[in-house]
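S.K.: Letter by letter, the chains look like this.
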Amino acid sequence: MKSTLQNLLKAVIFTAIFCLGLAGLYEIFRWKDTNGPYVSTFDSLYSQNEDVADVVFAGPSYTYVTMNPAQFWEEYGMAAFNMAISGQDKNSTVASLREVLKTQTPDIVLIDASGTLFDEHEVQSNVYRNTISMKLSANSFKLINASVKPEDRLDFYLRWPIIHTRYKELERYDFIQNPTSIYTAGYMYEWGCYERAASMDVFTVTDSFELSETNKAWIDELVEMSKQHDFELIFYLTPGIGDGDWRRIINGVKDYLDELGITFLDMDKDYIMVGVDFATDFNDYRHMNYFGGVKVTKYVAEYLKAHYDISDHRGEEGYELWETAAMYRKHIVAWNHVSAMQDPVDVAQSVAGIDNLIVVVSLEGNYMDSECNIADTLEAFGIDPQAMQTGGTWVIENGQLTRSFDNTDIYRIKFNNIDTMEISRIISSSGYYLTNVTMDQNYYRNTILNTDGMYLFVYDKVTDKVLCNREF
Amino acid sequence: MNITEFSFFIFVGIAVLLYYLIPIKARWVVLLSANLYFLYNSNSWVLNGIWLGCALVTYGATVAIGSIREKKPKGAKAITVLAVLVVLGFMLALKDIGFFTALLNRALRLIGKGCPTPVFSAPIGISYYSLVWIGYILDVFWGTCTVEKNPFKFLAFCGYFPTYTSGPIAKYQDVHDSIVNGNKFSYKNLTFGAQRVVWGLMKKLVISERLAIVVNTIYEDTYRYPGVYVWIAMICFAFQLYTDFSGCIDIVIGIAEMFGIKLPENFDLPFMATSLAEFWRRWHITLGGWLRDYILYPILKSDLFQKIGAKSKKAFGKKFGKKVPTWIGLMISWFLIGFWHGGQWNYIIGVGIFFGVVIILSEMLEPAFNKLKAFLKINTEAASYRIFQRVRTFFIFMTGLSFFRSYDGFTYGIANWKNALTVYNPWVLFDGSLDKLGLDQHDIYILIFFGLLLAGSGLLVHFKKKSVREIIAGQNLVFRWILYLALIYAVIIFGCYGVEFDSASFIYQKF
Chain Y
0 MKSTLQNLLK
10 AVIFTAIFCL
20 GLAGLYEIFR
30 WKDTNGPYVS
40 TFDSLYSQNE
50 DVADVVFAGP
60 SYTYVTMNPA
70 QFWEEYGMAA
80 FNMAISGQDK
90 NSTVASLREV
100 LKTQTPDIVL
110 IDASGTLFDE
120 HEVQSNVYRN
130 TISMKLSANS
140 FKLINASVKP
150 EDRLDFYLRW
160 PIIHTRYKEL
170 ERYDFIQNPT
180 SIYTAGYMYE
190 WGCYERAASM
200 DVFTVTDSFE
210 LSETNKAWID
220 ELVEMSKQHD
230 FELIFYLTPG
240 IGDGDWRRII
250 NGVKDYLDEL
260 GITFLDMDKD
270 YIMVGVDFAT
280 DFNDYRHMNY
290 FGGVKVTKYV
300 AEYLKAHYDI
310 SDHRGEEGYE
320 LWETAAMYRK
330 HIVAWNHVSA
340 MQDPVDVAQS
350 VAGIDNLIVV
360 VSLEGNYMDS
370 ECNIADTLEA
380 FGIDPQAMQT
390 GGTWVIENGQ
400 LTRSFDNTDI
410 YRIKFNNIDT
420 MEISRIISSS
430 GYYLTNVTMD
440 QNYYRNTILN
450 TDGMYLFVYD
460 KVTDKVLCNR
470 EF
Chain U
0 MNITEFSFFI
10 FVGIAVLLYY
20 LIPIKARWVV
30 LLSANLYFLY
40 NSNSWVLNGI
50 WLGCALVTYG
60 ATVAIGSIRE
70 KKPKGAKAIT
80 VLAVLVVLGF
90 MLALKDIGFF
100 TALLNRALRL
110 IGKGCPTPVF
120 SAPIGISYYS
130 LVWIGYILDV
140 FWGTCTVEKN
150 PFKFLAFCGY
160 FPTYTSGPIA
170 KYQDVHDSIV
180 NGNKFSYKNL
190 TFGAQRVVWG
200 LMKKLVISER
210 LAIVVNTIYE
220 DTYRYPGVYV
230 WIAMICFAFQ
240 LYTDFSGCID
250 IVIGIAEMFG
260 IKLPENFDLP
270 FMATSLAEFW
280 RRWHITLGGW
290 LRDYILYPIL
300 KSDLFQKIGA
310 KSKKAFGKKF
320 GKKVPTWIGL
330 MISWFLIGFW
340 HGGQWNYIIG
350 VGIFFGVVII
360 LSEMLEPAFN
370 KLKAFLKINT
380 EAASYRIFQR
390 VRTFFIFMTG
400 LSFFRSYDGF
410 TYGIANWKNA
420 LTVYNPWVLF
430 DGSLDKLGLD
440 QHDIYILIFF
450 GLLLAGSGLL
460 VHFKKKSVRE
470 IIAGQNLVFR
480 WILYLALIYA
490 VIIFGCYGVE
500 FDSASFIYQK
510 F
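First to last, the protein sequences are chains Y and U.
The first sequence lines up with residues 0 to 471 when you count with numbering that gives the first Met the number 0.
The second sequence lines up with residues 0 to 510 when you count with numbering that gives the first Met the number 0.
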């Protein structure tokens with residue numbers, strides 16, 4: 000009897016250790032992509048404080064490239080959360096919203112009406128993004144039942160049959176949380192530029208398709224949810240979506256929403272009011288870029304501000320996510336802005352007010368021959384312009400000059416467990432000074448060697464991006 | 000229901016739990032219920048009807064044979080023949096109707112006629128349980144085993160579900176008592192059984208399925224992948240078949256062990272064999288044993304073969320002549336082994352006649368080989384010679400399998416060999432061409448690691464004469480648990496299963 004009990008205890012302990020180990024491994028292997036590599040809206044949602052989001056968006060990629068929570072916060076003080084996922088279909092929209100409503104009590108929920116344009120996921124990876132990025136719950140099981148063929152459902156419930164092959168692609172952010180995934184609050188920054196023309200269909204196609212049963216049921220379900228959870232339901236469509244028959248479907252959606260008395264912000268049709276420039280505001284044919292997103296966010300925010308009483312939470316406790324998102328936005332915009340600059344003085348002035356930057360300025364060899372304004376550049380970085388007479392290397396961290404080399408020296412900066420930077424000024428074999436910056440970032444070694452000229456290196460710790468890395 | 004599916008393991012887990020929760024005398028009821036549930040989930044109603052019909056015929060016949068065997072031996076013999084014909088007939092009809100129709104059509108073509116080929120599906124495990132049942136009928140007739148008179152207990156034995164995927168072909172005497180009398184709970188049985196299941200899953204899901212990718216890529220297009228590629232495919236297929244089949248058997252035996260039932264082993268380190276005859280005593284042991292006990296020995300004891308023996312001794316001399324009936328019997332057995340795999344010539348030749356011919360030839364030429372070895376002063380006790388023998392045995396086995404794998408027919412196998420021998424392209428081993436066979440660097444590292452693990456465990460068993468599980472059980476708990484957990488996690492992570500793979504079936508499942 001004693002031995003049976005001992006064996007039973009051993010079996011229980013072994014099973015418990017096995018389960019704990021498996022749970023630990025699951026954290027590494029789990030699906031972490033809803034909007035792109037290591038960017039998961041669910042991760043962002045699950046790291047939120049409870050009951051903080053006043054406005055929630057849900058929809059597919061058209062939504063995550065337009066509705067920017069950082070901008071809502073920075074410019075209007077609105078705590079908006081973007082629950083968009085690639086290819087989010089009708090079932091996923093409902094399930095994602097249910098997931099949001101577990102922890103949040105938004106006043107307004109805005110749904111991307113483009114969900115009415117497709118009934119099935121076009122690519123398998125979007126099925127994974129929508130179903131298995133969500134935490135295990137009755138809600139996720141319900142979504143799997145609605146989205147996956149019966150013979151494949153067990154694989155989705157268990158998840159390991161799908162995620163175990165990820166051992167081939169494990170990266171740093173499988174082991175630690177990608178901060179960007181949290182910072183962006185569901186928004187995706189896209190910087191490409193796709194020049195296209197506006198579709199005249201939004202004006203010329205005035206007839207409509209009768210709403211399909213699935214679309215009607217979807218809208219009805221969302222209306223029911225809005226009553227149950229007491230939020231204002233709004234539908235919207237982002238610019239550049241509805242050509243041809245899609246426009247007819249959208250017209251049908253509008254007709255039905257009008258019948259129900261639900262607001263529909265058709266920015267596809269009202270793109271002129273939004274201020275969309277089709278030559279500059281798109282990343283591809285239907286997805287807007289950051290600049291288009293700024294306009295759409297502004298349009299929606301102004302509409303909400305004009306029609307609803309949404310509190311300004313800036314400065315309040317519990318809204319750190321939005322503060323961080325706004326900070327991240329500032330950095331990522333600076334990165335996009337600065338990386339294209341040609342004048343070092345512009346670079347210096349642009350990064351002056353930004354925290355968490357590491358700047359290395361180096362003057363070696365015949366830098367005096369440089370056509371750029373070295374003295375102004377040094378001054379803009381807070382370095383004595385007289386230093387240009389002797390040359391050298393300077394390190395500025397968070398706007399403060401932390402190190403200057405007028406002779407040989409080595410300075411090491413450790414960002415985290417794996418990322419380090421080493422700045423050194425040494426004498427080459429030919430007797431000249433040279434500056435060497437070696438950066439081990441994300442396992443990749445980036446070495447910059449300045450032997451002749453003015454060199455500027457700017458690294459942003461927030462975005463983990465190099466803003467400037469060039470000789471002037 | 001497939002034995003690598005998660006649902007199957009849930010089913011087994013529940014069955015094991017129920018088995019030990021109820022009184023020992025009634026435990027066979029759990030096995031009977033599990034058998035019926037497994038069959039219900041694996042076959043259509045019609046196929047289950049056929050299965051039940053054959054089982055009842057076997058049951059009725061054995062009860063009748065047992066009761067009249069002493070008093071009316073002729074009647075018992077008639078019932079035996081009839082019952083065997085019924086079981087065998089259904090097996091041949093459902094499995095091999097295509098083969099027989101093709102033969103018939105060849106004959107009919109001579110008179111300008113033909114008939115359509117009927118298409119039947121066979122119940123799961125028909126090749127395995129048919130042999131078990133036939134063996135049981137014959138054993139009852141010969142009086143070498145008792146008769147199970149309780150029809151439900153008979154169904155618990157004859158439908159024992161774990162063996163339905165790929166065997167082993169267990170004899171009534173070996174497992175009946177253990178199945179129907181129930182077994183006491185044993186922590187060791189449970190844990191050792193579970194360990195063997197995980198080991199089997201590792202062989203199947205981690206190794207075999209990866210090798211299958213290479214084998215399928217090459218065999219599907221040998222004109223694109225000639226020469227060295229074909230050699231690679233042939234070698235990989237031999238290991239694929241071993242890890243697939245023995246992996247399945249490990250799972251089956253492991254599950255049985257969890258119920259306290261000891262099934263016969265089907266493999267005994269076959270690649271350590273130094274001759275083909277020894278190889279086949281180590282590979283698919285239960286099929287070879289069944290043919291030996293129920294086909295070869297009865298044939299050799301028959302009056303006809305006694306006469307053949309007497310005549311051949313006169314014709315070829317005592318030493319050589321006495322072997323002739325054995326060789327004829329062996330050829331019949333090897334033909335049946337090939338035919339058992341399926342009514343296709345690639346099976347009949349690839350894993351039947353070819354091996355029979357090689358074994359008989361090696362026996363015939365043994366005196367000549369011995370003289371040659373003596374003349375060349377070859378030290379047959381040297382380790383290098385044993386390695387040579389093992390490589391040679393593997394090569395012969397691989398050669399037979401190259402026809403076995405040619406599902407499209409025997410001519411395809413010949414074409415493959417032509418491709419392997421006539422195209423000279425050794426550079427593909429070095430220029431990165433092998434990376435395009437469907438496996439990436441990760442897969443290759445995994446294959447190498449787990450291949451070495453498998454080989455290492457085999458060598459450990461070979462030299463220590465002790466099971467790896469016993470050796471590990473003698474280690475400290477922390478070390479043991481780390482090993483067990485590592486293996487389980489390795490199967491979960493590196494196994495080829497889930498939506499991106501089609502690893503559900505075992506090669507020997509279809510036979």
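Note that these hints are calculated values from the structure, not bench results.
Please note that a few of the clues may not be correct.
What the hints assert, rightly or not - As a list, the in silico SDA-like pairs of lysine to any residue whose alpha-carbon atoms are at most 20 Å apart:
#1 Y:Lys9 / U:Glu69
#2 Y:Lys9 / U:Asn180
#3 U:Lys183 / Y:Ala10
#4 U:Lys306 / U:Gly288
#5 Y:Lys9 / U:Ile481
#6 U:Lys183 / Y:Ser2
#7 U:Lys261 / U:Lys370
#8 Y:Lys9 / U:Val197
#9 Y:Lys9 / U:Tyr483
#10 Y:Lys148 / U:Phe500
#11 Y:Lys9 / U:Leu295
#12 Y:Lys9 / U:Glu469
#13 Y:Lys1 / U:Leu295
#14 Y:Lys9 / U:Phe500
To be verified - Below, a sample of chain Y positions facing chain U; criterion: calculated Cβ distance under 7 Å:
#15 Tyr156
#16 Tyr166
#17 Lys167
#18 Glu316
#19 Glu319
#20 Thr323
Source: prediction; values computed, not measured.
Every residue, glycine too, gets a C-beta built ideally from N, C-alpha and C.
S.K.: None of the hints should be skipped; say for each whether it holds.
M.R.: Against the structure, the hints:
1. A hinted pair counts as satisfied when its Cα atoms are at most 20 Å apart, and Lys9 (chain Y) with Glu69 (chain U) does not qualify at roughly 54 Å.
2. Of the supplied pair hints, the one linking Lys9 (chain Y) and Asn180 (chain U) is violated, its CA atoms being roughly 28 Å apart against a limit of 20 Å.
3. The straight-line distance between the Cα atoms of Lys183 (chain U) and Ala10 (chain Y) is roughly 18 Å, inside the 20 Å bound, and the hint therefore holds.
4. A C-alpha spacing of about 25 Å is found between Lys306 (chain U) and Gly288 (chain U), which places the hinted pair above 20 Å, so the restraint is violated.
5. With a C-alpha separation of about 14 Å, the suggested pair Lys9 (chain Y) and Ile481 (chain U) falls inside the 20 Å cut-off, and the hint holds.
6. For the proposed pair Lys183 (chain U) and Ser2 (chain Y), the alpha carbon gap of about 14 Å is at most 20 Å, so the pair holds.
7. Restraint check: the Cα-Cα separation between Lys261 (chain U) and Lys370 (chain U) comes to about 45 Å, which exceeds 20 Å; the hinted pair is violated.
8. For the hint linking Lys9 (chain Y) to Val197 (chain U), the alpha-carbon distance of about 19 Å falls within 20 Å, and the restraint holds.
9. For the proposed pair Lys9 (chain Y) and Tyr483 (chain U), the alpha carbon gap of about 13 Å is at most 20 Å, so the pair holds.
10. With a CA separation close to 16 Å, the supplied pair Lys148 (chain Y) and Phe500 (chain U) stays within the 20 Å bound.
11. For the suggested pair Lys9 (chain Y) and Leu295 (chain U), the alpha carbons sit about 49 Å apart, so the restraint of at most 20 Å is broken.
12. For the hint pairing Lys9 (chain Y) with Glu469 (chain U), the CA-to-CA distance comes to about 18 Å; that is within 20 Å, so the pair holds.
13. Distance check on the hinted pair: Lys1 (chain Y) and Leu295 (chain U) sit about 52 Å apart at the alpha-carbon level, beyond 20 Å; violated.
14. As the CA atoms of Lys9 (chain Y) and Phe500 (chain U) are separated by approximately 35 Å, the hinted pair breaks the 20 Å bound.
15. This hint is violated: Tyr156 (chain Y) has a C-beta 9 Å from the nearest C-beta of chain U, more than the 7 Å allowed.
16. Satisfaction of the interface hint for Tyr166 (chain Y) is found here, the shortest Cβ-Cβ separation to chain U being roughly 5 Å, below the 7 Å cut-off.
17. The beta carbon of Lys167 (chain Y) comes within 5 Å of a beta carbon in chain U, closer than 7 Å, and the hint placing it at the interface holds.
18. The criterion of a C-beta within 7 Å of any C-beta in chain U is not met by Glu316 (chain Y), whose closest approach is roughly 42 Å, and the hint is violated.
19. For Glu319 (chain Y), the shortest C-beta to C-beta distance to chain U is roughly 36 Å, which exceeds 7 Å, and the interface hint is violated.
20. Annotation: Thr323 (chain Y) was flagged as interfacial toward chain U, and the flag is violated, the nearest CB pair being 34 Å apart, outside 7 Å.
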